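Peer 1: Sequence:
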Amino acid sequence: MALVFFQASAAAPVVEPPAEIAPGMFLFRFPPMPGRGPDGNTIIFNAPDGLIVVDTGRHKMVTDAILAFARERKRPIVAIVNTHWHLDHVSGNGRLKAEYPQARVYTTTAIDRALAPGGFLARNLDAVNKQPASTDEVRRDEVSIFVTTMAKRDDLRPDVPLTTSAPMRLAGKPLDVHVTDKAVSDADVWLFDKASRVAVIADLVTVPVPYFESACPDRWKATLDEVWATPFETAIPGHGAPMTRAQFDAYRRSFGEFVSCARSDKTAAACGTAWADGIGGALLGDDPARKRAVASGIEYYVGYLRSNGGKAPDCLAQ
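Mapping the sequence shown onto numbering that gives the first Met the number 0, position 23 (from 1) lands on 22, and the numbers just tick up by one.
I should point out that these hints are in silico values taken from the structure, not numbers from a laboratory.
The structure displayed is predicted, hence computed values, not measured ones.
Ideal Cβ positions, reconstructed from N, Cα and C, are used throughout, including at glycine.
Fair warning: there could be bad hints in the mix.
Cut-off 35 Å, straight-line C-alpha distance, at most; resulting in silico cross-link-like pairs (DSBU-like, lysine-lysine) [said to hold, decoys possible]:
id : residue 1 : residue 2
1  : K265      : K290
2  : K73       : K96
3  : K59       : K290
4  : K220      : K96
5  : K172      : K73
6  : K193      : K265
7  : K151      : K265
8  : K220      : K59
9  : K129      : K59
10 : K73       : K59
11 : K172      : K129
12 : K129      : K193
13 : K172      : K151
14 : K172      : K193
15 : K129      : K96
16 : K73       : K193
17 : K220      : K172
18 : K59       : K193
19 : K73       : K220
FRET-style restraints, in silico, Cβ to Cβ [said to hold, decoys possible]:
id : residue 1 : residue 2 : range
20 : R138      : T229      : 38 to 44 Å
21 : P116      : K265      : 35 to 41 Å
22 : R262      : K193      : 21 to 27 Å
23 : A150      : T108      : 19 to 25 Å
Please work from the sequences and hints to get the whole structure.
Peer 2: In structure tokens, the structure reads:
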């Protein structure tokens, strides 16, 4: 996402050490911070020829953790895979490349459309430049991160453009690389590691609610079905904990039902409740208060999708 601000707990963030979810595959999860945008999950593969970093986060704590991991293991970062151009997944590219200039960025060319005049990121930058400086220190810092990232936008562009789905060998490691035709954004990347049966699916799933700001919901739903057809045992979402097949299926089914509800004449509250109930047992637990909060959180997207013909304004075609 570009400039999404939300409130989290007032406690200082505690960055947990990476979890080894399969041999040579490490998951970094980063806590939300008060008033700041989120950071997406990061995956690092310890590959034969070096480290593969999948998504680089927004804040310095993310790149600090990635660089510490590389230094402790005395292994170079040789490949950066960006699953999509949302800034909570790509803002750390420049800092990693500054320390490891040989690292190659693998991603789609969708970033060029987001940066072009009138594109999603270009519009946000124009809006920021027209606003007076905030009196809130945290917000000023968040805006500064965004502006700095835009000033080094070439670090977001691919060294190796990913245009079609195909098996690839990155840093000596075989991976199935999948490229979508419109989903969360107009081109997203997800990975399947046959050796571990782990699918790294990024923002195709975000727990507890999907983000529709740049979405093509119909193709997104179709992509979730494509992931489901893959023989994964564990799926790593863009935000949230690793998922079992059953948990992913609950999300997949609820996603389709929510999109249909948003295009119906049902109330936003009804659609929100249906979403929370659909994923609840698998992903939210039995806490009624949490379910109500999640239902309320997704209601916004009902009006958002309805006001844009059932999709995001930046989705040029389903």
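Peer 1: Indicate, hint by hint, whether the structure satisfies it.
Peer 2: We went through each hint and held it up to the structure:
1. About 19 Å separates the Cα atoms of K265 and K290, which keeps this hinted pair within 35 Å; it holds.
2. This hinted pair checks out: K73 and K96 have alpha carbons roughly 16 Å apart, not beyond 35 Å.
3. Taken as a hint, the K59 and K290 pair is honoured in the structure, with Cα atoms around 32 Å apart against an allowance of 35 Å.
4. Pair hint K220 plus K96 holds up; C-alpha atoms about 34 Å apart against a cutoff of 35 Å.
5. A C-alpha spacing of about 18 Å is found between K172 and K73, which places the hinted pair at or below 35 Å, so the restraint holds.
6. Proposed proximity of K193 and K265 is contradicted: the alpha carbons are some 42 Å apart, above 35 Å.
7. Simply put, K151 and K265 have alpha-carbon atoms about 44 Å apart, too far for the 35 Å limit, and the pair is violated.
8. A hinted pair counts as satisfied when its Cα atoms are at most 35 Å apart, and K220 with K59 qualifies at roughly 33 Å.
9. Proposed proximity of K129 and K59 is supported: the alpha carbons are some 26 Å apart, at most 35 Å.
10. Using a Cα cut-off of 35 Å, the hinted pair K73 and K59 holds, with the two alpha carbons roughly 21 Å apart.
11. A C-alpha spacing of about 46 Å is found between K172 and K129, which places the hinted pair above 35 Å, so the restraint is violated.
12. Using a Cα cut-off of 35 Å, the hinted pair K129 and K193 is violated, with the two alpha carbons roughly 48 Å apart.
13. With a C-alpha separation of about 29 Å, the suggested pair K172 and K151 falls inside the 35 Å cut-off, and the hint holds.
14. Restraint check: the Cα-Cα separation between K172 and K193 comes to about 11 Å, which is no more than 35 Å; the hinted pair holds.
15. With a C-alpha separation of about 31 Å, the suggested pairing of K129 with K96 holds against the 35 Å cut-off.
16. Annotation: proposed proximity of K73 to K193 holds, straight-line Cα distance about 26 Å (limit 35 Å).
17. In summary, the hint linking K220 to K172 is supported, as the alpha carbons are separated by about 29 Å, within the 35 Å threshold.
18. Proximity of K59 to K193 is assessed by CA-CA distance (about 32 Å); at most 35 Å being required, the pair is judged to hold.
19. Between K73 and K220 the CA atoms are separated by roughly 41 Å; this puts the pair beyond 35 Å, and the hint is violated.
20. For R138 and T229, the Cβ-Cβ distance of about 40 Å falls inside the hinted range of 38 to 44 Å, so the restraint holds.
21. For P116 and K265, the hinted distance range of 35 to 41 Å is satisfied, since their beta carbons lie about 38 Å from each other.
22. The given range of 21 to 27 Å is broken by R262 and K193, whose C-beta atoms sit roughly 37 Å from each other.
23. Look at A150 against T108: about 20 Å separates their beta carbons, and that is inside 19 to 25 Å.
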